[in-house]
Amino acid sequence: MVTSLDYLQASSTDEYKKVYEMEQPLVTICIPTYNRADSLLNLSLKSAVQQTYTHLEIIVIGDCCTDHTEEVIRQFNDPRIIFENRESRGEYPAETYQHWLVAGSIPTNRALELASGQFITHLDDDDEFAEDRIEKLVNFAKETRADLIYHPFYYYVVPEHWVVNDAEPLMCAKITTSSMFYHHWLKCVPWDPKSYLLNEPGDWNKVRRMLELGIKTARYPEPLTKKH
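For the sequence shown, the UniProt record's numbering assigns the number 1 to the initial residue and increments by one for each residue that follows.
Incorrect hints may have been included.
Stated by the list, open to error - Heads up, simulated SDA-like pairs for lysine to any residue below, C-alpha to C-alpha not over 25 Å straight-line: (1) LYS187 to ALA10; (2) LYS142 to ALA37; (3) LYS226 to GLN75; (4) LYS216 to ASN109; (5) LYS216 to ASN165; (6) LYS18 to ARG80; (7) LYS187 to ASP67; (8) LYS226 to THR13; (9) LYS187 to VAL158; (10) LYS174 to GLU143; (11) LYS136 to GLY117; (12) LYS17 to SER4; (13) LYS187 to GLN75; (14) LYS142 to GLN75; (15) LYS18 to TYR53; (16) LYS46 to ASN165; (17) LYS174 to GLU160; (18) LYS187 to PRO79; (19) LYS136 to TYR97; (20) LYS187 to THR13; (21) LYS174 to SER39; (22) LYS216 to VAL19.
Derived from the structure by calculation, the hints contain no laboratory data. Since the structure is predicted, the reported quantities are computational estimates derived from the model, not experimental observations.
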């Protein structure tokens, strides 16, 4: 378990700071998935490979997918995509709401283990990025030198009726998995598969624990993700 002292020591080093000086830092996109091949094809993975910022590592981890996910990924024929399908499903609570709170946390942590980017971002398998999202956030990270960047996002209450979540203030329900972008050092704060015991969704639980380290945050003002 990392502490605020660990963060202070790490963030003061030249090694930590140099990612903000890189012309083209590698950005890792982590996509956990379970039997949503068509969503990958038409939404999440499609929006990832079409980013205007191209220096990407796209890690897709199947939570023991049994559909045609692997076939869909091969169709993209993109060497930036790394795919791994777990041999068994993660263990999640049986109760529906508790399951929803932490679904995907185990394959997400596997993606973080594999990630080699200077910056990390996440994408739920049924969400989609604006095509210039990564480009804008890389530039914003260089400007602000923030450890964690977050932004507004679209969600729909009924099909084709999109509403903006303004992501203010930074709190539970104002951030989602697909609206965060952070320094790779924060990989050391993994998703907690048991955050349901605190009645917290996995994304907010991770952000809350990052905030407790004393990290610097910055809000990008534009919505850059559609949450389906």
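Status of each hint after checking the structure:
1. LYS187 to ALA10: 13 Å, holds
2. LYS142 to ALA37: Not satisfied, since the Cα-Cα distance of roughly 35 Å exceeds 25 Å.
3. LYS226 to GLN75: Holds - the C-alpha atoms of GLN75 and LYS226 are around 23 Å apart, at most 25 Å.
4. LYS216 to ASN109: 23 Å, holds
5. LYS216 to ASN165: 22 Å, holds
6. LYS18 to ARG80: 23 Å, holds
7. LYS187 to ASP67: At roughly 29 Å apart (the allowed maximum being 25 Å), ASP67 and LYS187 break the hint.
8. LYS226 to THR13: 36 Å, violated
9. LYS187 to VAL158: 35 Å, violated
10. LYS174 to GLU143: Status holds; Cα separation ~23 Å.
11. LYS136 to GLY117: 17 Å, holds
12. LYS17 to SER4: Roughly 17 Å separates the two Cα atoms, so the pair holds.
13. LYS187 to GLN75: At roughly 30 Å apart (the allowed maximum being 25 Å), GLN75 and LYS187 break the hint.
14. LYS142 to GLN75: 34 Å, violated
15. LYS18 to TYR53: 19 Å, holds
16. LYS46 to ASN165: Distance of about 23 Å is within 25 Å: holds.
17. LYS174 to GLU160: 21 Å, holds
18. LYS187 to PRO79: The hint holds at about 23 Å.
19. LYS136 to TYR97: This hinted pair is violated, its Cα atoms lying about 34 Å apart.
20. LYS187 to THR13: With a Cα-Cα distance of about 17 Å, the restraint between LYS187 and THR13 holds, given a limit of 25 Å.
21. LYS174 to SER39: 24 Å, holds
22. LYS216 to VAL19: 15 Å, holds
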